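Q: Sequence:
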Amino acid sequence: MGDPLLTLTKRQKKLSIQNIVDKERNKLQITGLLKGSELIKLSMDLLAPEEDRIATSTSTATNFERNSFMASNLTLLLRLRTIRGLQG
Numbered sequence: 003m004g005d006p007l008l009t010l011t012k013r014q015k016k017l018s019i020q021n022i023v024d025k026e027r028n029k030l031q032i033t034g035l036l037k038g039s040e041l042i043k044l045s046m047d048l049l050a051p052e053e054d055r056i057a058t059s060t061s062t063a064t065n066f067e068r069n070s071f072m073a074s075n076l077t078l079l080l081r082l083r084t085i086r087g088l089q090g
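Under this note's numbering, the letters of the sequence shown match residues 3 to 90, in that order.
Worth flagging that the hints you see were computed from the coordinates, not collected in a lab. Please read these numbers as outputs of a predicted model, since none were measured by experiment. Just so it is clear, CB atoms sit at the ideal spot from N, CA and C, and this is done for glycine as well. A hint or two may mislead.
With beta-carbon atoms standing in for the labels, derived distance ranges [unchecked claim]:
1. D5 <-> N28: 32 to 38 angstroms
2. I85 <-> L10: 22 to 28 angstroms
3. S70 <-> Q14: 17 to 23 angstroms
4. P6 <-> R27: 27 to 33 angstroms
5. G87 <-> D24: 37 to 43 angstroms
6. A73 <-> R13: 16 to 22 angstroms
7. G87 <-> L8: 39 to 45 angstroms
8. S18 <-> I85: 39 to 45 angstroms
9. L76 <-> L10: 22 to 28 angstroms
10. P6 <-> G87: 21 to 27 angstroms
11. L17 <-> T84: 24 to 30 angstroms
12. D5 <-> R86: 37 to 43 angstroms
13. T9 <-> A73: 18 to 24 angstroms
Heads up, simulated BS3-like pairs for lysine-lysine below, C-alpha to C-alpha not over 30 angstroms straight-line [claimed, not checked]:
14. K25 <-> K15
15. K29 <-> K15
16. K29 <-> K12
17. K25 <-> K12
18. K16 <-> K29
Turn these sequences into a full structure, and let the hints guide you.
A: This is the structure:
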């Protein structure tokens, strides 16, 4: 299989990223639109140096899954921004 500690660490990071996205989703719902620069900053914040270190020790498939997960969350934020803009 794999290293259980590494698996746990990856799961915790994934949950941490999801928590950030959930908080930002709530922020969008409460305060309205994020400015484009804030959205870009949010997406860059998701790639913390610690996450990069974990990514270098994992397989290409895992890196792809991590990047896909982050891209889907960014897409969700963009959709929420667009929907909120259409409502306002």
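Q: If a hint holds in the structure, say so; if it doesn't, say that too.
A: Status of the hints after comparison with the structure:
no.: 1; hint: D5 <-> N28: 32 to 38 angstroms; in the structure: 34 angstroms, holds
no.: 2; hint: I85 <-> L10: 22 to 28 angstroms; in the structure: 36 angstroms, violated
no.: 3; hint: S70 <-> Q14: 17 to 23 angstroms; in the structure: 19 angstroms, holds
no.: 4; hint: P6 <-> R27: 27 to 33 angstroms; in the structure: 31 angstroms, holds
no.: 5; hint: G87 <-> D24: 37 to 43 angstroms; in the structure: 21 angstroms, violated
no.: 6; hint: A73 <-> R13: 16 to 22 angstroms; in the structure: 19 angstroms, holds
no.: 7; hint: G87 <-> L8: 39 to 45 angstroms; in the structure: 41 angstroms, holds
no.: 8; hint: S18 <-> I85: 39 to 45 angstroms; in the structure: 26 angstroms, violated
no.: 9; hint: L76 <-> L10: 22 to 28 angstroms; in the structure: 25 angstroms, holds
no.: 10; hint: P6 <-> G87: 21 to 27 angstroms; in the structure: 45 angstroms, violated
no.: 11; hint: L17 <-> T84: 24 to 30 angstroms; in the structure: 27 angstroms, holds
no.: 12; hint: D5 <-> R86: 37 to 43 angstroms; in the structure: 42 angstroms, holds
no.: 13; hint: T9 <-> A73: 18 to 24 angstroms; in the structure: 22 angstroms, holds
no.: 14; hint: K25 <-> K15; in the structure: 15 angstroms, holds
no.: 15; hint: K29 <-> K15; in the structure: 21 angstroms, holds
no.: 16; hint: K29 <-> K12; in the structure: 26 angstroms, holds
no.: 17; hint: K25 <-> K12; in the structure: 20 angstroms, holds
no.: 18; hint: K16 <-> K29; in the structure: 20 angstroms, holds
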